[in-house]
Amino acid sequence: MVSGHDEFESPVDLPRDEPRRKPLGWTTLTIFVTSLFLLVSNAFAIKGWIDEQPTSPLQASLAYWAGEWEDATASLGLATPRAELHRLWKEAEAARFEQAPPSNQR
Amino acid sequence: MLFPTLTFGLFFLAVYALVWTVGARNNEWRKILLLVASWVFYGAWDWRFVALLIASAFINWSLGQLIAHAKARSEEGEPAGQAKALVTLGVVANLTILGFFKYFDFFLSEIAPLVTNLGFARDLPLLQIVLPVGVSFFTFQGMSYMIDVYRGRTRPASLLDITLLMSFFPHLVAGPIVRASHLVPQFQRSPKMDRGMAAMALLLIIWGLFKKAVIASELSTQFVDPVFFDPSAYGSADLVFAAYGYAVQIYCDFSAYSDMAIGLAALLGYRFPRNFDQPYRAASLQDFWRRWHMSLSGWLRDYLYIGLGGNRGGLFFICRNLVITMVLGGIWHGAKWTFLIWGGLHGLILTAERVWRELKPSWMPAMPRPIAVLLTFHIVVLGWIFFRAETFDGAIAFIKGITAWHGAATIVTPLGVALVLLGLSMHFGPPRLMQGLAMRLRFVPAPLLGLMTGSAILIIDAMRFEGVAPFIYYQF
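So the protein sequences, as listed, match chains A and B. Take the first sequence: its letter number 100 is residue 100 in the working numbering, and every next letter is one higher. Take the second sequence: its letter number 191 is residue 191 in the working numbering, and every next letter is one higher.
Some hints here could point you the wrong way.
[Unchecked claim] Pair by pair, the computed Cβ-Cβ distance ranges are: (1) B:ARG151 <-> A:TRP69: 55 to 61 Å; (2) A:GLU91 <-> B:THR5: 22 to 28 Å; (3) B:SER62 <-> A:GLY67: 52 to 58 Å.
Hints in this document: simulated from the structure, not taken from any laboratory. All residues carry an ideal CB built from backbone N, CA and C; glycine is no exception.
Okay, chain B solo, but in the shape it has when bound (with noise of 0.2 Å):
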């Protein structure tokens, strides 16, 4: 079920309905319409991975709550260790759910040869998994939550709550990731709403709608997918369009997808964290990861980067914490070769930061803010390069292939040019524009609003491309 789609559309009146007059009775029982709803809404794509995502909540509850008694008992003087040994395993079994859907058969597939060479074996027992949508979403959810039960930055949470953090239809399948210390204690007191949050959650909703279904949808299919499909039948001029196009397809797709969330989640009553803040103006690509899936960046400083010593021990130990951080983080995307390059590369050059600002000579002037600026769009397109090839050898064609700078633009159209224009301008405009214009909104009466809102939308079905694309995240 695609939120872009009349049939989410539908569901979602439902929702908001039931939710609002049923649920507005009890706050309990206005918690089990949502988790109902949010098992039909991740039902639609396999009911199969309803099971996993009870189980998986049910896990990280069970060992929250024996953390937190463990760790009672060790402030009443009895041994400590248990909670962490609780908490190990904790992550242990979040990392064997991710582990054996996401990169079974790639760990499998990439021994085979080896194994083969050795003797031992010819065909190793593929098994062909597929993978659970969302499910690196809502295992780090769940994680976060056991971690942050040990660490006392919350306090366990009822079965219910948890189920309904990690299942939360919104953010279910591409986030934000929610922390338990953000979403738990809504959840504990019945949400309220207001016109300015009402008024930013339909723009959120329809400005997604737009970056969607029009800008993602019409880039990804006009020019970027035959090109990154066979990247020698292309010029450089197409192939150095088709880098800037996936630029601003990523973003507008997955910023979308976030936006959408994010007032949907809004319109049931409840907050959501920022997830992107102009991510394509950031002056260095340590800037760029505050801006850029501020979710999942907070995620991995939080519980890795810090888990690993973070800014202790030293320069060395520093830049080793940000490379492995930013590897796992690409790995985190997915099992292949060409996302753990571009977590690689954003680790080196993360890396090669750290360090010129610790040793860069105080009387060298710092860049200019455009030219760094435009440096740092370009390595994250770089970057994007590996991201969006299918192999490591794909990528490198598609490098080769803008470096030979042969053959003219073919693919490259008015309307496209404009949509890449457009997606980047979004990054140069006021960085509040959207809450200045909610704030006006909040004054417009209901009737006019309404036919203001329907007229947006039915501009942007009028421009869409036929059909929706899954979002690119839904991958992940």
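The following block holds chain A by itself, in its conformation from the complex (with noise of 0.2 Å):
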């Protein structure tokens, strides 16, 4: 007797009480919402990563567009909290316990 199927635990089951309409419209929606979200809050990250990419005609063309897009959402601001973040982040990067010695003097 093959079964041709294992019973498994996955972590993505859930019960299924829940709402039955549209579930992949609304996961799409997410997706569109997040990437939208991420494009004008994290332009820092577009140009850099184009500006990764080998260069071409298309590539300076993107960067130049990238820098633009980058400029016009730092100036409404909404630059700001990833920018603040970083700055947090790398506080806490640089904190040291009291007696221990800057780690360029190690």
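With the hints as a guide, bring both chains together as one complex.
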């Protein structure tokens, strides 16, 4: 007797009592809003990624527009949350216990 | 193409859109799309190895078909034995692929001094073989399919299904090791998604991103790598911190990959098995292996340990089978003596646990659970030192440095301590906390959930270390 199917536990198995309407549409809209949010709040990362791509006329053009987009979002204050969070993280990285010498003196 | 990069993010968005639009009309086209996408994903490392992946899938599919026919003929009265010969041939073929790419150069470099001393040769032909990413994972998957067909645990599948099983990009390079009996039945029907599955998928991807990009990367670059590179330059406290740090790093690195793989597959409508279950809360090494890399430990149990005789034949044979299984499990990770010693250490401790369970006087109380957890964790950490060290001598120097107990902590920082404690505390929270959260999130309106997801990714991106190191398990 071949069952052809092993029962197994997956982390994505949840009880079924949930809204039944259009799960794919709901997921797609969630992903779309996430992407849009990151597009406006994280232009820094997009610019950095384009700069890392192999040089070509297309890459140069994209890098120009990414730079423009980064400036535009920064002028509206949309880049501030990421920049401020990153600054706090760097401060946390640099923090030392009292008796420990700074890392550049080790 | 690494998961936590914008390149992969764009690739995945394209695959998601194609699979749920073009692929939604016909399940065969969906699978073809996923297969091509998986080859593009794999080809981003090295296009030449896509051919190896296809060849390996073809070999396993062909042998699966032949084994099924041989079994059918033997049931009709023809002599048995042909199916067994075919499955043996298949195992040898898979191990040959694995052995050539993974162990050939190591084997030659190890026997070279011996051969030279015997006066037979001076220079053996080292080939500088490039290791195909994920070769250990996809050969094990192919082998398990063939053996399952032989054992009657799964039906022979189509070439498309087997090729996709072995190539499917979420699990291709670092698992979980998804068996044919898990995934092929899912491939044979149109995948379904519900909100709970999607919410859990998004949570797993974000949680995995945090564990990898923030915890594992920070611990690796700031603490673990420098100390393991030159243990003699650091005092005992730094060495202890680096050992704990590596225990957290490898968990956060590998479980992050598994979480993201499971989440990505779920967004495409497929279920993958759980691969980690709070391993550092284990109260014995046997318990640890039920929680750590569960798809590999299950594979080793079903296809190696049981094949060796499993629990049959008395205590001596059980212990022998345990040691052999764990030593081979260690070598599966790579051609290095340190992996062999890591596997051997686990095998010996598992044996000691087994013997103790058999011989422990009934009047003797069991060890209190907190002490057992602490002891098990430190045995695991000891094993990780061998696993991480480049050489056996390096591991011994590291351990000697700890036991010498000299030198103040110079690299330990408040952030490092916080990350190690966070990485350990993950093992002692409610086991199904994330599922509980996903059950609430599935009722959240999509625009709000999108903003929450985007905010979480933005926070992680602000904290992440510059650049993304490959996952530790990519090298296996």
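Outcome of the hint check:
{"no.": "1", "hint": "B:ARG151 <-> A:TRP69: 55 to 61 Å", "result": "57 Å, holds"}
{"no.": "2", "hint": "A:GLU91 <-> B:THR5: 22 to 28 Å", "result": "26 Å, holds"}
{"no.": "3", "hint": "B:SER62 <-> A:GLY67: 52 to 58 Å", "result": "54 Å, holds"}
In this structure, every one of the numbered hints holds.
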